[in-house]
Amino acid sequence: MTSVHNETETATPDIAPVSPRFQTLRSSVVSRMMSLPAVVIVSFIVLQSFATAEFREWTDVKGRKVSANYRGMQNGKVSLELKNGRVLPFSLNSLSKADQQWVEQASATSSETKASSNPDPKTPFEVHPKMDILLDVYCYSCHDEDKQKGDIRLDQLGTLSHRSRLELLNKMQEQLFFAEMPPRKKKSQPTDPERKQMVEWITSELDKFDASNLEDKMRYPDYGNYVDHDKLFSGKIKDSPYTPSRRWLVSPQIFHQRVADVFKLPAKGRPRSFYGVTNPFILPDHAGVRYYDHSALDGGHLLMMLTNAEWISKKQIRAGRVKNGEIKAGDFENRSDKWLPGKTPAAFEDIILKKSKPTGKEMIAAIHAQFDCVLQRQASDSELKRYLPLLESTIEIGGNTEGLRQMLISVLLESEFLYRYEFGAGSVDNHGRKKLSPREASYAIAYAVSDRGPDETLVKAAQEGKLTTKADFQREVTRLLNDKQAFFAEGAPTLSGKNLRSHKVSHPKLNRFFREFFGYANSVKVFKDTPRSGGFYSNTGRGSSGTAGRVTNEADRIVDYILKEDKNVFEQLLTTEKNFVYHPHNNEAGTKLVDGWREVYETLKDTNWREQPYEVAKKHEELVWKHLRVKPAKKNKGAKRHDATLGRYMEYFENTFGKGNTPFTALHWAHGFNFRYAEIYNLPPAAGTRGGYSDKETWDYPVVQPFKMPNRKGILTHPAWLVANSQNSATDPVHRGKWVREKLLAGRVPDVPITVDAQIPEDHHKTLRERLDSVTTKKECWKCHEHMNPLGLPFEAFDDFGRFRTEEELEHPDNLLTKGNGKNNANTYKTRPVNPRGHLKGTGNPKLDGDVKDVFDMIERLAKSERVRQSIIRHAFRYFMGRNETLADSKTLIDADDAYVSSEGSFQAVIISLLTSDSFIYRK
Amino acid sequence: MKTRRDFIKNAMLSTSALALGPNLFASAPTGKAPKRFIFIHKGNGLLPNVLIPSTFSKKEMEMEKRKEAFEADLGKHDLPEWMSSLNEHKENMTILQGLSGKMCTTGHHTWQSSLGVYKANERLSSIKWATVDFELAKLFPSPLEHIELACFPIGGGNSRGNINGIEKGFSARGPQQPNYAFGSPKVAMQELFKSVANSKDDRIKYELERKVLEFAAKSEGDIASHLAGLEQSKIQNYAESIESIRKRNTKIDGMADVIRKHVPKLDEKYFADELSTVDRQLGHTEILLSTLISGMTNVVTFTVDELGTLYNGLDDIEKEIVNLHDVGHGKPVGDFKALEVREKVRRQHMGLVDTVVKRLKAVPEDGGTMFDNTMIFYFPDNGETHHSHGTEWPFIVMAGNNCKLDISGKYIRLPKYGDEGHKTLGNWYTSVLNAYGNSVPHYGDFDTGLTQYGINQSGNIPQFLG
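Residue numbers (this note's numbering), protein chains in the order written: chain A, 1 to 924; chain B, 925 to 1390.
Pulled out of the complex, with its shape left as it was, chain A reads as follows (with noise of 0.2 Å):
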């Protein structure tokens, strides 16, 4: 433990490594932490003001209301951050007065705590000799003295004040940056070295002020696709890849995962919750990846974690006192909250069965338990100073078991428990670089495939040295994907709940990130009216996630089948017409399951079984009972509703093998059974679902899945998909097309502007297509859906629900042909033809690019493309590394990209890659 220990030492205090460049956004933070309304004396209670701090409504100028947390102002804009996760920039003056003043504040406050550590504004400015010759061939010509395009001025910077100037320097860093300037009709471009060099001289300046924004914009998931992708992909970028060293805030899983180290619990069976712990970690909703490095512990996270600390210590000495008789063994404060850890470790039995107080070392002892428990490593000496005389004031005031306490409470509100640190040590390359120390790269590479700690074999190599060299990463990271035991376990454990267990996997971290690349998961956020469904689509409610769960599950699966296969994973996800479909047995057990009922029909079928169920069940006992778990009964009649009896069997059979189908394999009587939703894949219902048996079309159930379907092709044809991204009671093609341009095109959308009231008109004679077309088609508002509706109006084959349609119903009173019950049936509208044609455009390949003659024509087209296969890669580097790519990460892209179309298509050759790259390696 001692190498550990010194490690970590360096780690921790000695390391200032990032550019004050990323302080100013920061500091705005800190400072509203610092404001929060008024006085507390209960540590929980305090949480309120933490949490509704975090946002505020704000108001422009027209009335306009969206509700955001200040993250910010430069050059006049603020920056927002919505709910979803995005921020957004505003100008403010398109702010109302009273927000306007409520900023001034805000940033007063902020530049007070900044003023020390900055250089003068008063300095004399000077525009670098270079910067002016660059300046005066790409910028005077439209800004200067003769011109102001856009009332900008680029010739008079050494003459603003010092916020204006600052505020300017943004706006063209920024815009030269995104290659938004010189506008890109104009002939005259700068080359890439001079760009670079102009936006570095003013970052240059900027951060002399700590002002610039840039950079904390492109650490947000919403600017991932900012970096050109074609640049990154040129291969002419040579720079050598590192990752910024950090803290890396742990995810609600990884949290989880440590609450339960603190106990020292096996690495198998671990609780699925602890019940007096709240998880403070939060990701967001929106798709693609989640998890970045760039979130702060703040006062939320605190006082969680207070409450957290104050139910774990007390479940830590538990046994302790139990052992003192300070209570019994069967006295619980709670009887819900039965669960116990264990044995109290040693050092703290000793000092709470200690008559008397403890020994200065029995507290030290005490103390690197603790550390040992909570941080898996020991207290450094500075640590002791500090620790010993807070144990020993504590046990002077509260006794030796209350005192201990106070002191395990300290140790977990140590942000070291909530953070991962990735700071690299030993020598310094010649990039400026230095290599995870095997201690934090034990960590990474754990993390990285699943949500626990390092394993043994991690923890020793990292303590004998060998985890240093490529090949070190590359033996530990193809070791642990190999195992497919050691982190197997649902692959969706927030889907579980009552008839519903998400299915299990190898590694459901990897999953984890198809899952959350494509965020099918969120179907079960979006309700639905069931009764517009004719009742087959139950919503997300108590202990269920509904039918929303269920196919997010059978998405899942799928996911799970492609990623063991292997092979043109990408390519399989986007194109599969294999599914599953109510699939509660696995092939074998399943097909054995079916040919036992079958064999029970063929042998009973021309019985008397109708009228005489016992005689029959009676001469057939062992058969029956074999195959059907039912014994001879009497009274058939008088069964419960949920019993399984011989006639009921028979009566499905005959309703299934006897029209030529096969049975599902769950009884439709059977308590909890809701299997109801085949409809949302266009599937018939299962005999026996839909109201009892009728001479109605039953589902012929394969039992062997996946199976293929028609009319779907991959994860974006899935119900699971497309109900994530639908409205309530409508499609959402805009979204959808999005989601397509941002995640599958590397491309970009302008976020709505706040003035933009996104309203489709309420037409009933018209599609939905019809009536979107009629306002998005305007010149004004072509600009941004013009990169999205082609590409999302294509799913318009598809209702909100899921299912496949040639035809639109136009549900409104008006056009109402017959009235449904709600419940087996819905109401039917008058249709009009679906539209499903769209265009493709940016995939960068002309033979791709193009009009499309529906989804599928589309979904064809981009899984050949090169550009979507990258842009998957570049999500699951963001994924892999907690951050966005730069430029700088060329290499590592390249050389995963390689790797995946070497090895036709492996998901695990691109993690490999990605986890021995210099990104994953490095730390700067």
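One or more hints might be untrue.
[As the list claims (entries may be wrong)] Mimicking BS3-like on lysine-lysine, the simulated pairs with C-alpha atoms at most 30 Å apart in a straight line are:
(1) A:K385 with B:K1052
(2) A:K525 with B:K1052
(3) A:K354 with B:K1124
(4) B:K1000 with B:K1014
(5) A:K361 with A:K385
Read the hints as simulated data drawn from the structure, not as lab findings.
This one's a predicted model, so the numbers in the text were calculated from it and none came from an experiment.
Model the placement of chain B on the given structure of chain A, informed by the hints.
Frame of chain A, contents of chain B only:
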């Protein structure tokens, strides 16, 4: 006469320098008393027909039966008998009928649904945003911001094993952030009034908590001081949060005299671990009043019962353990039919409301009384009945003279579900929020089922805003 506000002002004077940064900018002191809001919600539904005054005319009765919109002057009618304890406050009362809440979880258990207007369930991820009581608390900041008291359920969907503890409640501070509620008067007393605690154990506990916070603040502050930029902020936010709590503790210490003056003076039996449900409610009511009157908070949410709350102590059936679920299914208790038991429960609740109103009316404030600046909402957590669908969500509202909604003294029946002009729980809360300074266009989820009726669900209820 020295009013309560004067007293608080003086007490706070010494600590005012610590207060108010940017986030309080919008609510800078105006010199007027803050508004207070008390949300009292019950389980097992609130049957709409029990709220109808028997003195309604035939025409009114028929309109009520057809659930057609109308208003009546409560002053001209007798309240239903079970509400008789509120007779003297009729001019301050509104009976509001006809709201729907199908966008909420309905049925047995509803978690944060009735306050948040969304389908909340046992998963934290179902909490979509701060509940309305927290939104109001933001408008009228106070030292403790918000307090939640609960008679926790023992059985059922959101049961609490320890009904005397501090557990996740029925309000939410923000997305995925459940609030914590005090389960017993004892634990509420210990936690809320510990700065003025008399017992040695409580004093020690308080001292230890403060010591840990002091240590943690210094510890994290030291780490932050060695860092720069983003890395610094990652720690500094945390360190300063700890420091903020410490400052708040200091401030609350500065209020000790006021708090001490208003410490609930209750018989010991209310602070016992074993107490009847009725006594628990009475004890909580005293805590509610003390925290409001002392100025510790301006918003209190009180779960008087939930479906899984076992009742004892009710009039005439003091010794019976009443299972509200069974009552919901029509099971009698002792000699009383289920509907009679329901009435006893409601009568008990009205007694609590009466206590609150009377006591607040006795506290002078700004030339009137504290009640003038208070609104009390009494409503079911799940709608109209035991197995509710949310088609109705009745409210009894008590409001003082300075209420910003034009509803007092009225029986208001809104158009029924699906009819033109129908209003939802979301419209109602939007009205309250708009009236008190939160101009949110609409609070709460929409009802997907209402779409087919072509009803505009968004916004406030204009006639309520005068």
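Margin query: Between the alpha carbons of K385 (chain A) and K1052 (chain B), is the straight-line distance 30 Å or under?
Written below: This hinted pair is violated, its Cα atoms lying about 45 Å apart.
Next item on the list: Given the hint that K1000 (chain B) pairs with K1014 (chain B), test it: the Cα-Cα distance must not exceed 30 Å.
Entry: Satisfied, since the Cα-Cα distance of roughly 10 Å is no more than 30 Å.
Margin query: Holds or violated: K525 (chain A) and K1052 (chain B), Cα atoms, limit 30 Å.
Written below: holds (10 Å)
Check: For the pair supplied as a hint, K361 (chain A) and K385 (chain A), is the alpha-carbon distance within the 30 Å limit?
Finding: At roughly 13 Å apart (the allowed maximum being 30 Å), K385 (chain A) and K361 (chain A) satisfy the hint.
Notebook entry, point to check: Are K354 (chain A) and K1124 (chain B) close enough, with their CA atoms no more than 30 Å apart?
Noted result: holds (23 Å)
When held up to the earlier numbered hints, the structure conflicts with hint 1 and nothing else.
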